[in-house]
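**Q** Got two chains here, separate frames each, mind docking them using the hints?
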Amino acid sequence: MFDFFLSPATAHNVWFVILLTGVVTYITRSAGHVVLARFKNLHPRVEAALEAVPGAVLVTIVLLPALINGPVEVLAMLAALIASFRLSPIAVLAVGMAIVIGGRALGF
Amino acid sequence: MKNESEFWTGTKDSLPIMFAVTFFAMLFGATGVNNGLTFGETVLSSASVFAGASQFVFLDLYGKQAPVWSILLAVFAVNFRHVLYSASLGRYMGEFTFFQKYSGFFLLADPVFGAGEIRAQNQKLTPAYYFGFGLPLYPIWVGFTALGAGFGKLITNPEAFGFDMLLSIYFLSLLMGFKARPNWLASVLASGVASVLIYKTIGAPWHIMLGALVGITLAAMIGKPVSKGEEDV
Chain U
278 MFDFFLSPAT AHNVWFVILL TGVVTYITRS AGHVVLARFK NLHPRVEAAL
328 EAVPGAVLVT IVLLPALING PVEVLAMLAA LIASFRLSPI AVLAVGMAIV
378 IGGRALGF
Chain G
-9 MKNESEFWTG TKDSLPIMFA VTFFAMLFGA TGVNNGLTFG ETVLSSASVF
41 AGASQFVFLD LYGKQAPVWS ILLAVFAVNF RHVLYSASLG RYMGEFTFFQ
91 KYSGFFLLAD PVFGAGEIRA QNQKLTPAYY FGFGLPLYPI WVGFTALGAG
141 FGKLITNPEA FGFDMLLSIY FLSLLMGFKA RPNWLASVLA SGVASVLIYK
191 TIGAPWHIML GALVGITLAA MIGKPVSKGE EDV
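Taken in sequence, the protein lines are chains U and G. Quick note on numbering: the numbering used here labels position 11 of the first sequence as 288, and the sequence is numbered without any gaps. Quick note on numbering: the numbering used here labels position 125 of the second sequence as 115, and the sequence is numbered without any gaps.
Treat the hints as calculated values from the structure; they're not laboratory data. All of these numbers come straight from a predicted model, not from anything done at the bench. Careful, some of the hints might be misleading.
Quick partial rundown of chain U residues pointing at chain G, CB under 8 Å, derived from the structure [stated by the list, open to error]: (1) V291; (2) L296; (3) G347; (4) L352; (5) M354; (6) S361.
Ideal placement from N, C-alpha and C gives every residue a C-beta, glycine not left out.
Excised from the complex, chain G in its bound form (with noise of 0.2 Å):
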């Protein structure tokens, strides 16, 4: 069955992200509790949201009283790179029906976007590749941040095991992955000087977003992508 080994391989793609996935959820359950949520609180967050970084946003800010619309425009900016995946990635989902687009959005996280995009690179991304990828990811998120609400107390060293750095790792292994693109270079040059200067003065998250709209914005400048038909040959 095509589907089926589809799904497979995007499982097995997905497996180095499954185990950084349990770490974050444990911390973040773990946070959650000790920061002011109940149990179901701190699940639904997870459950809700499924982007790690704006959930401890949200914590940072509820923890300091902040005013609901703050919070709001707060995850929002941290989320707001996301607008740029499902604008580059949705390009390439032809074979998705509407409900399997729109539902494949709520897991549009930035392993998951990196993954489609290397995938559409080489071949056709299929819903079942990108739902092999994606979908258990939610499970193991929503359930390691019970976990991690649960016992929260457990985990007294968690960056012995260099757990937070697995995830940087593996997004520089996918950023290299794109290196054969048009302007790849230059444009991720340009990114990654303006984002360490933004950090420095503006700070964060806007480093992100600002950094990386200088590198897509010289992409533009600069020139035209070869073709489709080009690019296979």
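Looking at chain U on its own, in the form it has when it is part of the complex (with noise of 0.2 Å):
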């Protein structure tokens, strides 16, 4: 029992490792529900952190591959960013990947 979780996955087992990565999952994506679902009222403070998840979480996604990429896309995400104060979620993309497809036929 120990020795498959200290040893690495093998080819008669990697099936099962792969299940378990799924159950690892499922458990990340109900947990946070799971616990709040016990309190009938949430302190302010709480309720105030979960309206700032989205944008915490999201920009952490964002922002790296905005940068560490190249000038073409620090440029398409620029463009998409103030796009986006005025266009659709649909049209910033079109916006922003004109310019990724544009710029990496262009040779940048």
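**A** Pasting the structure below:
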């Protein structure tokens, strides 16, 4: 039992390890609600923290790909950022992608 | 039919994500069979996990002969942000039955969470909308993983099409969709700066979770949100 966890996965048991990664993922996806649902009334500070979750997480996902790639990617993300003040998500996507594809086709 | 149109509205909103998902799924399929997994095991990974980043982490560690416990810990770390997702989105799932809620969490990937939050901010989040958005992504994710695993070597230059940036740009537009929320700018700036610093020091994937926690903590410190009633005015 412990040997299984302490050893590398093998061609024979990797299917089981894959299933376990699925279980671990599902636990992360349901745990937050399972814990919070126990509280009837949320403290205002908890409420404020939860309101901030989408922005705080998304910026950490978005920022690095924008910064670490190259000038085309920086430009595309900047243009998408400006466009997002006026345009719909689909149009923002079109603006950003046009710059990425165009810039790369030009060899940047 | 209200439910039917809610479902299709969700599916329509999901269209750009479907395109991105086909690419990432094929890329994962191709990478899987080139990293020692069989066709079936590669497809099994997409079918049971449904979370791209952590599946790539699994492939990487499996290829490096890492012990099973460390693979599971890494997958847990990469997916830990989802704990926050269900904590936040769960508050808007009042119309969901127990079964809808807990089967829905299986689909709670980044874009599904973002779309759910945006929807809940403007109107009631219905199960029909949620599943309309998330459910089509599952067979696409699994199916195109199989396609990539079967024909992996046909994808020679995916970067030329910019697919690797598609999700980033989409997430950026989601991010901006939350800008009316209380404390948004402060928490986003704090998380953004923190994530870059953490990426440079501790490294990935911690910059996501720890970076986000900095902005969330700041939001908790600087104030309570506007109550639901006032938000509608």
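**Q** Going through the earlier hints one by one, which of them does the structure break, listed in rising order?
**A** 3 and 4
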